[in-house]
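**Student:** Listed here are the chains, written in short residue letters.
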Amino acid sequence: MTAAALPENNFFNAKKGIMSWLFTLDHKRIGLLYLYAILSFFLVGVVLGFLMRLELLNPGQDIMKPHTYNQVFTLHGVIMIFLFIIPSIPAIFGNFFLPLHLGTDDVAFPKLNLLSFWLYVLGALFALATLVFGDGPADTGWTFYAPYSVKTGTNVTMSVLAAFILGFSSILTGLNFIVTIHRLRTPGMGFNQMPLFAWSLYATSWIQLLATPVVGITLLMIIAERVFGIGLFDPSIGGDPILYQHLFWIYSHPAVYIMALPAMGLVSEIIPTFAQRTIFGYKAIAYSSMAIAFVGYFVWGHHMFTSGMSGTAGFIFSILTFFVAIPTSVKVFNWVATLYKGSINIEIPLLYMMAFIFNFLIGGLTGLANAALAADVHLHDTYFVVGHFHYVMFGGTGFAMFGALHYWFPKIWGRMYNKARANVAFALLFFGFNMLYFPMLILGIMGMPRRYYDYLPEFHGLNQIATVGSWILVSGLILMLANLLIGLKKGKIASANPWNGITLEWQTSSPPPLHNFDKLPELNEGGPYNYPDAKKA
Amino acid sequence: MEENKNKNNEHQEHISSYKEHFGTWSALILLTLMTVLVSVFGADLRTLSVATAMIIATVKVLAVGYYFMHLKYEPKIYRTLIIIVMALFVFFLVMVILDYLTR
Ligand code: HEM
Ligand SMILES: [Cu+2]
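Residue numbers (my numbering), protein chains in the order written: chain P, 17 to 553; chain W, 82 to 184.
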């Protein structure tokens, strides 16, 4: 059934005017506000990354001074981590689709949800304000390591405050989702009938709720030390710099699972739709999310092997880190097993999911190299690490997010983008991405250190390849976004369920009405992905 | 409590007696007084007096959680969650101290 026009009652036209957006309590509109805001900051971050790659095209100083380069990579890191990748999937798609997936009409605390959004905006303004206030953006790296962060003249206080405020936004979103999942599931939906995306958000929310306060306090301690000279971290006034690193990574390692788990949830969600087949090992995937979230709390020390932490602690953290690989591999195995003998329909969202698996595999395996105590002594603070985390965060989570955008585009806007153009954009993104970051892994093994505007002549060739890769990647991004923007305005009207999906959001019209469902959605017999046999053929 | 387990997530109201509220409150005040007394008169015990203060504080936290925050009435899962969180916190402290002591 292809409708010729958008449904008359949808959440876009339910209320009119700019105020109805800025102060909306509708989870779908809040999700879209996040989408627009997060994508804008992502583009700022991309421009900064692009400029760094230009500087690194040739050895020596080209387009920026060393000090500027330090500020640029810091701002790039802060924006990409705190403004883009941490909020991205939960705040955009979690907000929009969690209530739909649970068959309910909103999150548990809609006003708190709006507050989270405005805290996000406030934090973002603080981060950007460092550009004009004080002595410019921080030059410490996004990690704000003490004692340098206590001593540098740049505007660390403001950057740190930004991260602090963004942390609150994240905590409130997590809290909201936990309560929503516990309290608002549609009648008859037990935890084990929830879509796997909801499970992954559940695991993620617990990390947001429990780990974020640690970094909040730690960042305030930096400010206290800068402003009042309290000797917490600076050894010259009696502090312990390694204590800072402990506190920072107690949050920031679990935070990488805030980035990764929702992406894994998306993969588990999208693969069954395009294989038209029940997910393989539902419970294994659901519980491995919880296991990853849990084990993720015990491994932070792997960032500190070379910082002067004790050998005993290093040894323990190295072993603990290897345990994270187990639940992660369980997931990859299950995804592949789901595809096996499915009736696979290669559409753009599935391509992005397969790119996720490919990139995340490289990211994860290089992570194991970092986790091995002996190897890390060589690899720490080289380009190997830069390659590794871009593979995980950008190649993994970033690609999953783009895939979700293509998957749910017809549900959100009720229209379809141009698929041929989307394919070209995907190819450019995938190729450009690998051309940009794979050389970094090699450069790192060769010994090129990270966070420098310059390098030795022997690193020239691979750096040039990487920079050209960044051009291809950016063209892909522009094409992808342009295509989606055009689709949003002029795309063909899509049916309510263009991919033949089976989770509850596909039972309502596209775009959904203000209250999500006109009649109570029907649960699938035997689990959220149980495709009837007829469709299997 | 059993009735809270029902699938429709109906929220159950509980009204605790004045006696219980007042009793908890008095206990908290008494414990606070004890903390003060230990720190004033037991100052030369040093580590031991700090440990005593921490133990008293822990008892107070438990009382607040159990009576004032109604953990008493909630399903077991919430108590389990709180225990997990506390265990995590202890793990953070233990690992950081372990690093410090073996450095
Ligand atoms: C066009 C896209 C991108 C380009 C060209 C790019 C490039 C770079 C470069 C050249 C560096 C600095 C390496 C150094 O000197 O140490 C860097 C650092 C970093 N990037 Fe990206 N990047 C891009 C996208 C992303 C994305 C999507 C994320 C996160 C999701 C991200 C997260 C980071 C982080 C956290 C750092 C470390 C900053 C620091 O050292 O404090 N980047 N990136
Ligand atoms: Cu880590």
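Since the hints were made in silico from the structure, they are not lab data.
Computed from a predicted structure; not experimentally measured.
Beta carbons: idealized from backbone N, C-alpha and C, even for Gly.
Be careful, since some hints might not be right.
Unchecked claim - Straight-line Cα separation of at most 30 Å, DSS-like style, residue types lysine-lysine; simulated pairs:
1. P/LYS357 / P/LYS31
2. P/LYS127 / W/LYS153
3. P/LYS32 / P/LYS506
4. P/LYS167 / P/LYS81
5. W/LYS100 / P/LYS299
6. P/LYS81 / P/LYS31
To be verified - Between beta-carbon pairs, the in silico distance windows are:
7. W/LYS153 / P/ALA390: 23 to 31 Å
8. W/VAL145 / P/PHE39: 47 to 55 Å
9. P/LEU128 / W/HIS95: 21 to 29 Å
10. W/ALA124 / P/LEU59: 32 to 40 Å
11. W/THR128 / P/LEU539: 55 to 63 Å
12. W/VAL121 / P/ALA388: 50 to 58 Å
13. W/SER97 / P/GLY152: 53 to 61 Å
14. W/VAL175 / P/PRO251: 46 to 54 Å
15. P/VAL348 / W/ALA124: 56 to 64 Å
16. P/ALA390 / W/LEU182: 48 to 56 Å
**Student:** Next, verify each hint and record whether it holds.
**Tutor:** Hints versus structure:
1. P/LYS357 / P/LYS31: Roughly 46 Å separates the two Cα atoms, so the pair is violated.
2. P/LYS127 / W/LYS153: With a Cα-Cα distance of about 29 Å, the restraint between P/LYS127 and W/LYS153 holds, given a limit of 30 Å.
3. P/LYS32 / P/LYS506: Distance of about 21 Å is within 30 Å: holds.
4. P/LYS167 / P/LYS81: Since the Cα atoms of P/LYS167 and P/LYS81 sit roughly 20 Å apart, the hinted pair holds (cutoff 30 Å).
5. W/LYS100 / P/LYS299: Roughly 46 Å between the alpha carbons, so the hint for W/LYS100 and P/LYS299 is violated.
6. P/LYS81 / P/LYS31: Distance of about 50 Å is beyond 30 Å: violated.
7. W/LYS153 / P/ALA390: 23 to 31 Å: With Cβ atoms ~51 Å apart, the hint is violated.
8. W/VAL145 / P/PHE39: 47 to 55 Å: Given a distance of about 36 Å, which is not inside 47 to 55 Å, the answer is violated.
9. P/LEU128 / W/HIS95: 21 to 29 Å: Given range 21 to 29 Å: holds, Cβ gap about 24 Å.
10. W/ALA124 / P/LEU59: 32 to 40 Å: Given a distance of about 60 Å, which is not inside 32 to 40 Å, the answer is violated.
11. W/THR128 / P/LEU539: 55 to 63 Å: 58 Å, holds
12. W/VAL121 / P/ALA388: 50 to 58 Å: The hinted range 50 to 58 Å holds for W/VAL121 and P/ALA388, with Cβ atoms some 53 Å apart.
13. W/SER97 / P/GLY152: 53 to 61 Å: 56 Å, holds
14. W/VAL175 / P/PRO251: 46 to 54 Å: 23 Å, violated
15. P/VAL348 / W/ALA124: 56 to 64 Å: 59 Å, holds
16. P/ALA390 / W/LEU182: 48 to 56 Å: Hint violated: Cβ distance 24 Å, outside 48 to 56 Å.
The earlier numbered hints that this structure contradicts are 1, 5, 6, 7, 8, 10, 14, 16.
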